[in-house]
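As they're listed, the protein sequences go chains A and B. Okay, so the first sequence: first residue is 1 according to this note's numbering, each after it adds one. Okay, so the second sequence: first residue is 1 according to this note's numbering, each after it adds one.
In case anyone wonders, no lab produced these hints; they're calculated from the structure. A couple of the hints might just be wrong.
Sample of chain B residues lacking proximity to chain A, with all beta carbon distances greater than 10 Å (derived) [said to hold, decoys possible]: (1) Met36; (2) Met37; (3) Glu156.
Result set (DSS-like, lysine-lysine): computed pairs, CA atoms no more than 27 Å apart in a straight line [stated by the list, open to error]: (4) A:Lys136 <-> A:Lys64; (5) A:Lys19 <-> A:Lys90; (6) B:Lys125 <-> A:Lys302; (7) A:Lys372 <-> B:Lys11; (8) A:Lys165 <-> A:Lys88; (9) A:Lys136 <-> A:Lys109; (10) A:Lys109 <-> A:Lys132; (11) A:Lys372 <-> B:Lys4; (12) B:Lys97 <-> B:Lys125.
Owing to the predicted nature of the structure, the values given are computational and were not obtained by experimental measurement. Ideal placement from N, C-alpha and C gives every residue a C-beta, glycine not left out.
One letter stands for each residue in the lines below.
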Amino acid sequence: MTFLNLDHISANPLAPEVKDTMIQAIRSDYHNPSSQHQAGEYAAELLEDARQKTAQLLGARDPKEIVFTSNGTESVNHALKGVAYANKEKGKHIITSNIEHNSIHRSLKRLTSQGFKVTSLPVDEGGRVDPKEVEKAITEETILVSIMHSNNETGTIQPIEEIGKVVKDHHILFHTDAVDSVGLVPLDVQKLHADLLSFASNTMYGPSGVGGLYIHQGTRLFPLLDGGTQENSKRAGAENLIGILGHGKAAELALHNMDSRQKHLTHLKELLLRELPNYIDEYIINTNLDHSLPHLINISIKYIEGESVMLMLSEEDIAVATKSACATGSLRASHVLLSLGLSHADAQGTLVISFGQENTEEDVYRFLGALKNIVDSLRAMSPLYKKADQATTQQ
Amino acid sequence: MYNKVVMDHFKNPRNVGEMENPDAVGEVGNPLCGDMMHIYLKVKEDKIDDISFQTFGCGSAIAVSSMLTEMAKGKSLEEAKQLSNQDIADALEGLPKNKMHCSNLGADALHQAIQDYEARRDGVKLKEPQPQRKEIHEHGEGENCYCPYCSVELDEDSPTFCSACQSDLGEEH
Chain A
1 MTFLNLDHIS ANPLAPEVKD TMIQAIRSDY HNPSSQHQAG EYAAELLEDA
51 RQKTAQLLGA RDPKEIVFTS NGTESVNHAL KGVAYANKEK GKHIITSNIE
101 HNSIHRSLKR LTSQGFKVTS LPVDEGGRVD PKEVEKAITE ETILVSIMHS
151 NNETGTIQPI EEIGKVVKDH HILFHTDAVD SVGLVPLDVQ KLHADLLSFA
201 SNTMYGPSGV GGLYIHQGTR LFPLLDGGTQ ENSKRAGAEN LIGILGHGKA
251 AELALHNMDS RQKHLTHLKE LLLRELPNYI DEYIINTNLD HSLPHLINIS
301 IKYIEGESVM LMLSEEDIAV ATKSACATGS LRASHVLLSL GLSHADAQGT
351 LVISFGQENT EEDVYRFLGA LKNIVDSLRA MSPLYKKADQ ATTQQ
Chain B
1 MYNKVVMDHF KNPRNVGEME NPDAVGEVGN PLCGDMMHIY LKVKEDKIDD
51 ISFQTFGCGS AIAVSSMLTE MAKGKSLEEA KQLSNQDIAD ALEGLPKNKM
101 HCSNLGADAL HQAIQDYEAR RDGVKLKEPQ PQRKEIHEHG EGENCYCPYC
151 SVELDEDSPT FCSACQSDLG EEH
């Protein structure tokens, strides 16, 4: 049986053109872009070309506003800690939401231990932050608001334009973690009113190990790494040129193929949603379908546990992600799912299915067929299913 | 993630399903991750004549249930009482350390089923079972802390590290 990847939120394959670009780069033995000789200058030109393409993808006015990093996590750490340390004389209050990625959550926890205060906003039933709540939370001490563009577990997209406007009306810095959005949905840093925006190349079929941070010109933040003058002195250390060139190609492809990619992914997602009730019953859709990434669905299947489903699908060479407590190192139910009001038992049965460009309609049916059998056999084993069944019969 | 023995019991669980007219039932749940396990017994001459399980939980919870039923079948009640979580984990040739609590769940369910049998036999009303593990809490609330992985009571001096299973724990545990 061939491997079926329905876990693109964890890893996207490299686009073939990206692979070619990177292999070419490996063979070329490019020099250090910081070197002043011809070989160095040629490497710098290539680096700047990748920066230019990224700026275009994000709607940044000046390519200098793009800083390459090693991944989304580094970008987020840079944005939050860089702003906090550089602006602590102005204030020590930061606003965020309850559903952020751990890179945000734990960076802010670190800052809290250093005297910063954090307000974490809840989400509504649809999994979204209310811009009015953001405005209410702003104080004279607030130096930064950081709200994610789309959630990596539910795929729900936040009203970032509206939130950005509120934040900018108060002349406060605004960061959005757009790691799971950039390259998948069209976005423009001007329209979002973002001073800082984090992204990762793998989301757009580029390599892992390359991420970036958009920093609006004039934004005051300290670098995370001290050292040389690479990346306009905003991120010291020799650049990962091979990766960045692969990323440049991925950004170019994302820009040119945005519409067709979105159409394909949305089609597969809608097909899955339409067919799902023909295969299984009693499930909850945790994704806000009116505002969501084109490729991701988060569902909780009642009376069974997600890791078991994931393992059984894996036996059939199908990869999906789960957000059950059992599958996490901390054994804690997902903070994102609990924020949506899900019970611990329902959160246990959560699967995250995320499509990619290479997926087909047949893949959707192969997944559904396998899922049905697995759900049936796990429910036959589940004491919760029996109890629910008895309750229905008694009614 | 899991070894071959665990995967075998997960994929081909033994003695699954609700039992008709059992002599005793043990029901336990894990407050930490929401798992639930039911053990059904038929007892003849103080020996476990038949045993089956139903489990809502992860791969290791299912494998633990399955292995437990194989180990307990045919044992006298006194022998079965001696069966510990470590015995089950050893028979499975090891569990990932953050899954050790699943084996506790198995041993608890079996012991509770035996208690239920003895209570029914002796005509005694069974007391509500006391949960052995505590809910997650923020450390510093003035109560004893337990390791979420292996349930051992944590040392007051190092409440964020479990010396029994060598797990690093956060402030919440």
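Structure-based check of all given hints:
At roughly 6 Å from the closest C-beta of chain A, the C-beta of Met36 (chain B) falls inside 10 Å, breaking its exclusion from the interface. With 10 Å as the threshold on Cβ separation, the claim that Met37 (chain B) sits away from chain A is violated: the shortest Cβ distance comes to roughly 7 Å. For Glu156 (chain B), the shortest C-beta to C-beta distance to chain A comes to about 22 Å, beyond the 10 Å cut-off, and the non-interface label holds. For a cut-off of 27 Å, the pair hint linking Lys136 (chain A) to Lys64 (chain A) is broken: about 34 Å separates their Cα positions.
The suggested pairing of Lys19 (chain A) with Lys90 (chain A) is violated, with an alpha-carbon distance near 46 Å, which exceeds 27 Å. For the given pair, Lys125 (chain B) sits about 33 Å from Lys302 (chain A) by alpha-carbon distance, which is inconsistent with the 27 Å threshold. Between Lys372 (chain A) and Lys11 (chain B), the direct Cα distance comes to roughly 16 Å. Compliance with the 27 Å bound is thereby established for this hinted pair. The straight-line distance between the Cα atoms of Lys165 (chain A) and Lys88 (chain A) is roughly 23 Å, inside the 27 Å bound, and the hint therefore holds.
Only pairs whose Cα atoms come within 27 Å are accepted, and Lys136 (chain A) paired with Lys109 (chain A) is accepted, the gap being roughly 22 Å. Distance check on the hinted pair: Lys109 (chain A) and Lys132 (chain A) sit about 24 Å apart at the alpha-carbon level, within 27 Å; holds. With a C-alpha separation of about 25 Å, the suggested pairing of Lys372 (chain A) with Lys4 (chain B) holds against the 27 Å cut-off. For the hint pairing Lys97 (chain B) with Lys125 (chain B), the CA-to-CA distance comes to about 37 Å; that exceeds 27 Å, so the pair is violated.
Hint compliance for this structure: hints 1, 2, 4, 5, 6 and 12 are broken, all remaining hints hold.
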